[in-house]
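Undergrad: Read off the chains here:
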Amino acid sequence: MSVIDNEASAPRPGARAGAVAKAVGRFVFIAIITYLGLLAVTFFIGRVIPIDPALAVLGDRAPADVVARTRREMGLDLPLIEQFYIYITHALSGDFGRSVLTTNPVMEDIRRAFPATMELATLGTLIGSVVGVPLGVLAAVKRGSLTDQFVRVIGLVGYSVPIFWLGLLALVLFYARLQWAAFPGRLDIVYQYTFTPITGFYLLDAAWQGQWDVFWDAFRHIILPASLLGYFSLAYISRMTRSFMLNELAQEYIVAARAKGLSESRIIWGHALRNAAVPMVTVIALSYANLLEGSVLTETVFSWPGIGLYITNSLQNADMNAVLGGTIIIGSVFIGINLLSDLLYRLLDPRTKVQ
Amino acid sequence: MSEMPLTRREWLLSERPATRRQARLGRAYIGWLRFSANRLALIGLFIILAFLLIAALAGVLATHSPYIGDLAGARLLPPGPDHWLGTDDLGRDIYSRILYGSRWTLYVVVLVAIIAAPIGLAVGTVAGYAGGWIDAVLMRITDIFLAFPKLVLALAFVAALGPGIENAIIAIAITSWPPYARIARAETLTVRNSDYIKAVQLMGASPLRIVVRHIMPLCLSSLIVRVTLDMAGIILTAAGLGFLGLGAQPPLPEWGAMIASGRRFVLDQWWVAGVPGFAILIVSLGFNLLGDGLRDALDPRSGDQ
Chain B
1 MSVIDNEASA
11 PRPGARAGAV
21 AKAVGRFVFI
31 AIITYLGLLA
41 VTFFIGRVIP
51 IDPALAVLGD
61 RAPADVVART
71 RREMGLDLPL
81 IEQFYIYITH
91 ALSGDFGRSV
101 LTTNPVMEDI
111 RRAFPATMEL
121 ATLGTLIGSV
131 VGVPLGVLAA
141 VKRGSLTDQF
151 VRVIGLVGYS
161 VPIFWLGLLA
171 LVLFYARLQW
181 AAFPGRLDIV
191 YQYTFTPITG
201 FYLLDAAWQG
211 QWDVFWDAFR
221 HIILPASLLG
231 YFSLAYISRM
241 TRSFMLNELA
251 QEYIVAARAK
261 GLSESRIIWG
271 HALRNAAVPM
281 VTVIALSYAN
291 LLEGSVLTET
301 VFSWPGIGLY
311 ITNSLQNADM
321 NAVLGGTIII
331 GSVFIGINLL
341 SDLLYRLLDP
351 RTKVQ
Chain D
1 MSEMPLTRRE
11 WLLSERPATR
21 RQARLGRAYI
31 GWLRFSANRL
41 ALIGLFIILA
51 FLLIAALAGV
61 LATHSPYIGD
71 LAGARLLPPG
81 PDHWLGTDDL
91 GRDIYSRILY
101 GSRWTLYVVV
111 LVAIIAAPIG
121 LAVGTVAGYA
131 GGWIDAVLMR
141 ITDIFLAFPK
151 LVLALAFVAA
161 LGPGIENAII
171 AIAITSWPPY
181 ARIARAETLT
191 VRNSDYIKAV
201 QLMGASPLRI
211 VVRHIMPLCL
221 SSLIVRVTLD
231 MAGIILTAAG
241 LGFLGLGAQP
251 PLPEWGAMIA
261 SGRRFVLDQW
271 WVAGVPGFAI
281 LIVSLGFNLL
291 GDGLRDALDP
301 RSGDQ
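Taken in sequence, the protein lines are chains B and D. Mapping the first sequence onto the UniProt record's numbering, position 326 (from 1) lands on 326, and the numbers just tick up by one. Mapping the second sequence onto the UniProt record's numbering, position 105 (from 1) lands on 105, and the numbers just tick up by one.
Only chain D is shown next, with the shape it has when bound in the complex:
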């Protein structure tokens, strides 16, 4: 009997995948179908892709230098054909500065995620797998950090460390790991007594190996969703620190700092502060939409929360 040739869609949606690769691709495809049914989530994905593209191609897309302005002839110009989004008080082209600023936003978001997510993952999985007093102590510490006001704490940290974008990143990371620890612990508790963990234990795997190789990978998907949802908050906190003069320092085209420097002219030249704020709004809206969509696609239970 000859087999019917499958369409790609049928191959992906097959109930009986023949290989591990087919199963994985199939699951990813189902996730994508669920995700792409949500129009708002697609808009979010589009915004984030555009954001990444702009950050990568800022040098090509920019029409002027982000640092050197025309002090003599182009101060505080309104949006026009030469300067699409106007110029600031030092005669710099705002459009070009916004494009380069996307790199700094991306830098902050990625670094905070790289620092905070592994801390949360490690604390949560160790607490969940070890149990007992280790669990109690680690979770108490997590709760303490969870109960703190994040922005105010980040402010105090930056005040002690000194202003600067790296210190702002450290401060935000220190205040944003606790939710990840909670999620990782919850996921760990659901699998720690399952048969496959027992099997690995019987084979003599060390606790470290079990946590790293067999528990952490299972926590990743819910962690990624949560990190995506938090991205907007990270961007807003970083912009807030920049606005207060504690994040990125002046010549850098960071969006929060740009709003701060445009603040003096906001009553007459609204675009100097207005445009960077709009950029922040769009990007964090994109992350929120994307995060919502990912959560609905990966975890249908919480679809209506």
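If we strip away everything but chain B, and leave its shape as in the complex, we get:
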């Protein structure tokens, strides 16, 4: 998923500033091209694949003059390249048209749904890293042991399980049987009128306003979907951590540290893990981006009012504007995180410059 390639040229010593400028310039160039690509693909999906996009909006039974007017309004009589230009200018100003389903501008709907998705993905990544990194370290240190096998199997199952199915089973167990978790949604209906969010991150907002009953309720709602996403990212994070740690533990400085008589825990957590930190940051960022995408299915299962649910609801009602708007937003954040983590990796890790 990363866009790292191996052709980084070796700069002259002392050319640090130049190298940074080069990396940033490269980042900007790739970002522009990639975003143009994203817009081109969504344009293709929305305007070129449907035989008549106007009919796709209006339905088969619309009268001919309405169809003709809509075609003109949508600019379908213009040449394709001109349509694409208009499409780009609209998209860049955040105008994705109106949603047929909610009748709001798509951007407005997305602005409301976005924090919900971010809150879920953030908590998921947090859980995944807090559990996944120690597991990976443990597996690397006790390589080949039962612990190692156990971590490996946990990871493999995480790679192989359909997340929406696991979500359904979790609902059966923790909501229906044990009643630990709350009903799908973000808040109980009682709180929906007494609580005014500020940032849209309900946990933060409730804590900030000191409404601890709301905080507890929000927590009971988010913990199940967030744990599922966390498990999903844990699979990836623990596997990569193990691999990075094995790499570090085989280095000579570890032998030197042992020879100095450092304690084993100091060597592992203080030296080896610290040197593996930079690639780990990249991995965690990538898994964060993947969770944004994984949230589409999870949100559907847990009725979580984020962008994923917005997209799937719109899909079921053939609301193309909303689908493409949501796709562009998720795609943009995904690409942004991808590229930023790549840039960060190049800037932080001196080894990427010594080829």
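Think of the hints as simulated: they come from the structure by calculation, not from any bench. Where a beta carbon is used, it is the ideal one built from N, C-alpha and C, also for glycine. Errors might be hidden in some of the hints.
As the list claims (entries may be wrong) - Derived coverage of chain D by chain B (criterion: at least 3 residues anywhere in the stretch with Cβ under 8 Å from a Cβ of chain B; other residues may be distant):
1. 147 to 157
2. 228 to 240
3. 243 to 249
4. 256 to 268
5. 279 to 285
Based on the hints, put chain D in the right spot on chain B.
TA: Below, chain D alone, put in the same frame as chain B:
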């Protein structure tokens, strides 16, 4: 001097193979030895073989029709002697539907691989061999597709194409070729300046012939490993699309769609959605284990990644 009769194992492991066939079989045997030393990989192989067998023999193994249920007397029955894995809301036998569903899973996986792998192979080898601006343009396009969120993009494609299993396959294939292009390009770069390519060039072979006959075959083994590793992801994406109602459509016994239709009853009749999900888990776990094992066997360098 009479030659000692060789055992089959010695013949296969011979340092000096007498024929090309012996050399090939020997290499395959060494690969198998490495592969079979990995117990998890063997489990994966077993799962996939069982999966293929079930898909082939679904008609023989099934106890009921996958489409026609007993609406009057057998709705939502728990697993029991008549219906080994219970029945769904239309009184259809879940065990039989799971067996037939394996065919659809196989159909999706094979078609996606057949579409996506050659695209990736062609893009990668051409980019790697041609170099220059062709390489730059092709790789930029690959990077763009690589940076996209796959599931969301597949969703949008299916939304435009219309729901259905064929469209889901096309959408998944469109989003899954870029890694193959990268691998093929990397492999091409390692061989493009080697002596045997120079020799073929001197003999006057066209670039097309060189790419197709002399470069592509070398990319195949790493490509196969990667495709095997991706199979689980393809299955999960297809199941996700099916779950959202965008993949296979209702009467088809596709596992993702089966979970979706069982979703309404999951709190009381967990098996309707539970069993097909378990089938997905087992098969994609099998592909993951097999892929890991193949990678370790074919490419010892990345054994610990």
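Undergrad: Taking the hints in turn, state whether each one holds.
TA: Comparing the hints with the structure gives:
Only when three residues or more bring their CB closer than 8 Å to a CB of chain B does the claim for the segment 147 to 157 of chain D stand; here the count is 10, and the claim holds. With a threshold of 8 Å between beta carbons, the proposed coverage of the segment 228 to 240 of chain D by chain B holds, since 4 of its residues qualify and at least three are required. For the segment 243 to 249 of chain D, the proposed coverage by chain B is satisfied: 4 residues have a C-beta within less than 8 Å of a C-beta in that chain, meeting the threshold of three. Only residues whose C-beta sits within less than 8 Å of a C-beta in chain B count toward coverage, and the segment 256 to 268 of chain D has 5 of them, enough to reach three; the restraint holds.
Closer than 8 Å: that is the beta-carbon criterion, and the segment 279 to 285 of chain D has 4 residues meeting it against chain B, so the requirement of 3 holds.
Going through the hint list in order, the structure satisfies each hint without exception.
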